[in-house]
Amino acid sequence: MKKLTPAKVEQRVSDTFSLPKDVVLGLFNMHILGNQELILENYKGILKCEEELIVVKTKKSVISINGKNLVIDYYTEREMKVKGAIKQISFE
Amino acid sequence: MISFLKFIRGYVVLSLAGPMVTRFLNQCISQKLLFWNIKRVEDSVLVCVSRSSLGKIKDISKKTSTKIEIVKRCGLPYLFKKYKKRSVFLFAFLISLIMLYIISLFLWDITIEGNESYKKEEIMKFITSEYAHGGQRLSTIKPLVLEERLRTHFDKFAWVSCEIKGTRLIVHIKETVPLAKTHKETAPCDLIANKEGIITSIITRSGTALVEQGNTVKKGDVLISGVISYQNDSKEVYEEAYVPADGDIKCKTVYDYNDSIPLDYYERTPIKRYHTSYKINLFGSSWELFAIDNSKQEYILKDKKYQFKLGKTFYFPVSVERRQYFSCKITQKRYTNEEAKSLAKAHLEKFCDNLCKKGVEIVENNVTIKISGENLSSSGKLVVIEPIGKIALIDTKKRERDKANEQSRETD
Chain A
1 MKKLTPAKVE QRVSDTFSLP KDVVLGLFNM HILGNQELIL ENYKGILKCE EELIVVKTKK
61 SVISINGKNL VIDYYTEREM KVKGAIKQIS FE
Chain B
1 MISFLKFIRG YVVLSLAGPM VTRFLNQCIS QKLLFWNIKR VEDSVLVCVS RSSLGKIKDI
61 SKKTSTKIEI VKRCGLPYLF KKYKKRSVFL FAFLISLIML YIISLFLWDI TIEGNESYKK
121 EEIMKFITSE YAHGGQRLST IKPLVLEERL RTHFDKFAWV SCEIKGTRLI VHIKETVPLA
181 KTHKETAPCD LIANKEGIIT SIITRSGTAL VEQGNTVKKG DVLISGVISY QNDSKEVYEE
241 AYVPADGDIK CKTVYDYNDS IPLDYYERTP IKRYHTSYKI NLFGSSWELF AIDNSKQEYI
301 LKDKKYQFKL GKTFYFPVSV ERRQYFSCKI TQKRYTNEEA KSLAKAHLEK FCDNLCKKGV
361 EIVENNVTIK ISGENLSSSG KLVVIEPIGK IALIDTKKRE RDKANEQSRE TD
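Read top to bottom, the protein sequences are chains A and B. 4 is the number that the working numbering gives to position 4 of the first sequence; each next residue is one higher, with no gaps. 264 is the number that the working numbering gives to position 264 of the second sequence; each next residue is one higher, with no gaps.
If we strip away everything but chain A, and leave its shape as in the complex, we get:
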């Protein structure tokens, strides 16, 4: 019998009971408006804040936002909003 890790248990519970994954698994939720605005929910912290690169840590991955004139419009414990000319978003 395969050994169940806590992550796999969470995945199964979420699938079986159709529970929202962002709540159960702690996945991030991202809304993008064109290439000008980005709202990110469920993040852990800011790793880097520069004019052309913003790096944000989430529970399971790291998100890099590349662009020009990037500004964090606001950030709270739950969500943050990034404004500027977004060129690239990558996940690690």
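Hint data in this document are derived by calculation from the structure and do not stem from the laboratory. Errors might be hidden in some of the hints.
Example chain B residues on the side facing chain A (calculated, C-beta under 8 Å, incomplete) [as the list claims (entries may be wrong)]:
id, residue
1, Met20
2, Ile29
3, Lys32
4, Leu34
5, Phe35
6, Asn37
7, Arg40
8, Ser44
9, Val45
10, Ser161
11, Ile164
For clarity, every value in this text was computed on a predicted model and none was experimentally measured. Quick reminder that beta carbons are idealized off the backbone N, C-alpha and C, glycines included.
Since chain A is already given, all that's left is putting chain B on it; use the hints.
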């Protein structure tokens, strides 16, 4: 809206510098401090933070060895702090606002528009003495009551409308509408002749017409009676009903025209301005500055009034009048015959125009202009067709009583 609330509560723009700025930011998140507009400028990061969070930041900055510098202080609390020394100015500003509000509660200007037969001064005198004067509370002025009083006092007013705009009372008057048409009575009434003449046309809308086309009427004659008689087959009146008489009656009447213009006249020509004084009107009282005694010489006075106002309707109880005194030369002149005749014609035309405005049609013009001695006199008669008719209320109770008395006498 959010930016307005931020302004009310006050915020500061901080410049963060150090090796662990992001750690500082993350620490702040965990402490539930709200930051906004975070951007990198060269080696530092600019952030906006609310005034209340400023105290909590200092501990975190020490832990993360981040250097904090206040770049700008924005918002109402800082503004108050800045102008604390100028509290007198603020106090005066508040007082002036309160005074402005108090002034706006009173009436400061009365404007009359559209008068023709009556002079503005006459109407103004009636309004100020009978109803509303400068400095009266606006809430005590009821335009409808004033309209009614003006209509009853001035016979020739066909339509009056009063409105209060800002601190002004504007009275709109119309006199051109024929009199009979405007006074719609609901009580039983007769239409009587207000002039002597010959009836040219009569249209009865309600009531019994007592005159016909071609009849000559005198002043006070009943034209349309408000009494309707019901007759039986033997032409005996068995019932009477009272209605408000209404109709259009046109009558041929005669106007006498007399005008006299003296051929010699004096002309005053201004030569030089020798004095200027200023009259200040404040809350109904007036003072003249630099006033001089002018009783010993002939002068021409030119004055111009400057009313203090905000926009078109907010009049203040303050006005300045500039009075310029000019010395003048008086010369005796004489009209030539042509000049005098054209002047007399102009007078006559003006008279006719005024009549036409009232809906009067001029049929015959027998006015002759002639020079008699030192005067040029124009006299004659104008035959016109004009709408006539004046309302006279019927005293129905008295009429019923008279009728009953008559019947009792007949039975005796």
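Now the hints, each set against the structure:
Because the beta carbon of methionine 20/B sits about 11 Å from the nearest beta carbon in chain A, more than 8 Å, this interface hint is broken. A hinted interface residue such as isoleucine 29/B counts as satisfied when its beta carbon comes closer than 8 Å to some beta carbon of chain A; here the least separation is about 6 Å, so the hint holds. At a threshold of 8 Å, the smallest CB-CB gap from lysine 32/B to chain A is about 6 Å, leaving the interface hint in force. A distance limit of 8 Å between C-beta atoms decides the matter here; for leucine 34/B the minimum to chain A is near 6 Å, and the interface restraint holds.
The beta carbon of phenylalanine 35/B is positioned within 8 Å of a beta carbon in chain A (closest approach about 6 Å), and the interface hint is therefore held. Against a cut-off of 8 Å between C-beta atoms, the interface hint on asparagine 37/B holds, since the closest Cβ of chain A lies about 6 Å away. Among the interface hints, the one on arginine 40/B holds; its C-beta lies about 5 Å from the nearest C-beta in chain A, closer than the 8 Å criterion. Checking serine 44/B against chain A by beta carbon gives a least distance of about 11 Å; that is not within 8 Å, so the hint is violated.
Because the smallest distance between the Cβ of valine 45/B and any Cβ of chain A comes to about 6 Å, under 8 Å, the interface hint for this residue holds. A distance limit of 8 Å between C-beta atoms decides the matter here; for serine 161/B the minimum to chain A is near 56 Å, and the interface restraint is violated. With a cut of 8 Å, the hint placing isoleucine 164/B at the interface with chain A is violated, because the nearest CB-to-CB distance is about 50 Å.
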